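Engineer: Starting from the structure of chain C, add chain H where the hints point.
Number of protein chains: 2
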Amino acid sequence: MEYRKIKDDDDEVQEDNDVASDLESLKGKSHTVASSNIALATLGGGGGSTERINWKRKGVVTCALTILTSSQAILIVWSKRAGKYEYSVTTANFLVETLKCALSLLALTRIWKNDGVTDDNRLSTTYDEVKVFPIPAALYLFKNLLQYYIFAYVDAPGYQILKNLNIISTGVLYRIILKKKLSEIQWAGFILLCCGCTTAQLNSNSDRVLQTSLPGWIMAIIMALLSGFAGVYTEAIIKKRPSRNINVQNFWLYVFGMAFNAVAIVIQDFDAVATKGFFHGYSFITVLMILNHALSGIAVSMVMKYADNIVKVYSTSVAMLLTAVVSVFLFNFHLSLAFFLGSTVVSVSVYLHSAGKLR
Amino acid sequence: MEYRKIKDDDDEVQEDNDVASDLESLKGKSHTVASSNIALATLGGGGGSTERINWKRKGVVTCALTILTSSQAILIVWSKRAGKYEYSVTTANFLVETLKCALSLLALTRIWKNDGVTDDNRLSTTYDEVKVFPIPAALYLFKNLLQYYIFAYVDAPGYQILKNLNIISTGVLYRIILKKKLSEIQWAGFILLCCGCTTAQLNSNSDRVLQTSLPGWIMAIIMALLSGFAGVYTEAIIKKRPSRNINVQNFWLYVFGMAFNAVAIVIQDFDAVATKGFFHGYSFITVLMILNHALSGIAVSMVMKYADNIVKVYSTSVAMLLTAVVSVFLFNFHLSLAFFLGSTVVSVSVYLHSAGKLR
Chain C
43 MEYRKIKDDD DEVQEDNDVA SDLESLKGKS HTVASSNIAL ATLGGGGGST ERINWKRKGV
103 VTCALTILTS SQAILIVWSK RAGKYEYSVT TANFLVETLK CALSLLALTR IWKNDGVTDD
163 NRLSTTYDEV KVFPIPAALY LFKNLLQYYI FAYVDAPGYQ ILKNLNIIST GVLYRIILKK
223 KLSEIQWAGF ILLCCGCTTA QLNSNSDRVL QTSLPGWIMA IIMALLSGFA GVYTEAIIKK
283 RPSRNINVQN FWLYVFGMAF NAVAIVIQDF DAVATKGFFH GYSFITVLMI LNHALSGIAV
343 SMVMKYADNI VKVYSTSVAM LLTAVVSVFL FNFHLSLAFF LGSTVVSVSV YLHSAGKLR
Chain H
43 MEYRKIKDDD DEVQEDNDVA SDLESLKGKS HTVASSNIAL ATLGGGGGST ERINWKRKGV
103 VTCALTILTS SQAILIVWSK RAGKYEYSVT TANFLVETLK CALSLLALTR IWKNDGVTDD
163 NRLSTTYDEV KVFPIPAALY LFKNLLQYYI FAYVDAPGYQ ILKNLNIIST GVLYRIILKK
223 KLSEIQWAGF ILLCCGCTTA QLNSNSDRVL QTSLPGWIMA IIMALLSGFA GVYTEAIIKK
283 RPSRNINVQN FWLYVFGMAF NAVAIVIQDF DAVATKGFFH GYSFITVLMI LNHALSGIAV
343 SMVMKYADNI VKVYSTSVAM LLTAVVSVFL FNFHLSLAFF LGSTVVSVSV YLHSAGKLR
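Keeping their order, the protein sequence lines are chains C and H.
Everything in the first sequence is counted per this note's numbering, starting at 43 for the first residue and increasing by one.
Everything in the second sequence is counted per this note's numbering, starting at 43 for the first residue and increasing by one.
Hints in this document: simulated from the structure, not taken from any laboratory.
Just to be clear, a hint being listed does not mean it is correct.
In this list, chains with the same sequence are indistinguishable; a pair is considered to hold if it fits within one copy or across any two.
[To be verified] In silico DSS-like links for lysine-lysine, alpha-carbon gap of 30 Å or less: (1) Lys282 - Lys223; (2) Lys399 - Lys222; (3) Lys221 - Lys399; (4) Lys399 - Lys223; (5) Lys399 - Lys281; (6) Lys173 - Lys223; (7) Lys100 - Lys222; (8) Lys205 - Lys222; (9) Lys205 - Lys281; (10) Lys98 - Lys221; (11) Lys205 - Lys221.
Keep in mind the model is a prediction, meaning the values are calculated, not measured.
Bound conformation, chain C alone (with noise of 0.2 Å):
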């Protein structure tokens, strides 16, 4: 009953147009939250186990992100040693979105036909609902057209390092765009973990990231603040209807990215589709990787939900460090000193997020 009086309360904002507006109500929306929950739990033995279920799925969602982005790192080593990428990955890309919208489909299906449909949990949308879930979409195309120009500035091997700088612009972005506060200490954690995932990553050539020329520090600082801005604003589209079912706000996310990425076919891949075919260059391990970012992706939205961007970080960056460990295993990788000493950094900053929590 709190969540269907919030959602009313929310379809009343939907006049404001401004995406500033929306935002900023979204703030005052997740404190109301927030203090339903707390509202909750202090009614005794119910809101208890609300508090308990709430936090068994914000784990489960975690522990799956940061299995299928470990996973997913590990094919793509794979697939690299298999051989080169034969196959477009604009293709690729399209076909995940599509798997995640038959995906969402499909569990619309079970939930409809358990609990019949609801407002909740309807498909069809308003403007007002709908107008927003192709921003994040949009800039994750416009980031990935970016890609291209940046390795005129930075070498491979520069651009991960580089790419480090997401998670302090994440950080920055959840602050000022959520309004959402880490306390000091997560402050000191998150700039750790920034410090260890790059420390982890070192290697004998990583020095020459540091000669990188200003127009290169500029776009990677502005693709650093793209994908911040993706990620904290489709946490802000998600969270804006904490009660409407998030298998229907991804079905609508996936659907502009279905689109977009139909259009970064035509612009990329127009001619090698036209001649080879659509499925060119498909092999097993591919049809794999599609699946498995399918599910990462649909992670990541979970996560979105019910935890934040943080979370999300966090888990990510401990795949990176799981992925090496399996890749010792699996690859017979060598893990440097630097591996070692990161690794530690990032232990220490993820408990130094959860000791500092803010009471």
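Structural biologist: The following block gives chain H in isolation, referenced to the frame of chain C:
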């Protein structure tokens, strides 16, 4: 007056011959001192200014140690650039101890002239007070002898990396021997200090240290424990008698330092000294280095008296980073990405040490 009372209590404990119980009793003492400080502080204006003077003194000795350690490293780089060490290191160490002894005596004569001779600043001592003073000097001598053997298992850059184990051993022994508590956040900071210092020193050859054989690791750990134990034990000795003048305590520490270094000259450099003379190969830089080592040694004692081993470790770690930054200007050093990452981790660690203070 409070301090005198504590000293009297202290003298009664002198009957115990067991070092362990001496250390155990120290714990009680330091609590008494702390509570009497609080008692003084709560007495009003006078107490507040005592507190302030303590803080000021702690700050001054810590800064002095940081600057001296940092300039020490710069002098070492300078002397290496000027050519190889031509003098025997043992004679230089002996002169360092002698100079420290002389400076302590000089300070004492000034104090005697101003305040007169009291129980706290008289040079004469008892067997009970002095019996533990040779222990740190003996531990350092033993550690320095081990240093010759560890190079059979680890190369010099690898040894520099392994020396960071000192940080962890100091923290652990500080906890076990001095029974002083660090908060969990401070422990997190201490682990980060070790990781950050090691990261800052990483270079393309650092990974070789991971191939260190078991005997190499064991020796490195023993050396770290010896060094940590010597430091913590010195603090125990100096803090056992809070009212005893630090210059008297230093005098006795350094007298034993002179004796042990005289032994080292005979063991290691007898032939060179006998044929080429005591001062063979001394240059202007050598004299500067001896002066700097003597002053740093005194600063270490002061930090042990007015702060503790944890502050000492932080101070010398920050000094290492300062040295690198100064070397950029003096010697055209290039700072690596690893250095920036390590420095950031150390900076966060310093913040955590202060933010995590137990209330």
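Engineer: All the hints need checking, so say for each whether the structure fits it.
Structural biologist: Now the hints, each set against the structure:
{"no.": "1", "hint": "Lys282 - Lys223", "result": "within (18 Å within a copy, 46 Å between copies)"}
{"no.": "2", "hint": "Lys399 - Lys222", "result": "both (12 Å within a copy, 26 Å between copies)"}
{"no.": "3", "hint": "Lys221 - Lys399", "result": "both (16 Å within a copy, 29 Å between copies)"}
{"no.": "4", "hint": "Lys399 - Lys223", "result": "both (10 Å within a copy, 22 Å between copies)"}
{"no.": "5", "hint": "Lys399 - Lys281", "result": "within (21 Å within a copy, 37 Å between copies)"}
{"no.": "6", "hint": "Lys173 - Lys223", "result": "within (28 Å within a copy, 56 Å between copies)"}
{"no.": "7", "hint": "Lys100 - Lys222", "result": "within (18 Å within a copy, 38 Å between copies)"}
{"no.": "8", "hint": "Lys205 - Lys222", "result": "within (23 Å within a copy, 42 Å between copies)"}
{"no.": "9", "hint": "Lys205 - Lys281", "result": "within (26 Å within a copy, 50 Å between copies)"}
{"no.": "10", "hint": "Lys98 - Lys221", "result": "within (25 Å within a copy, 39 Å between copies)"}
{"no.": "11", "hint": "Lys205 - Lys221", "result": "within (24 Å within a copy, 44 Å between copies)"}
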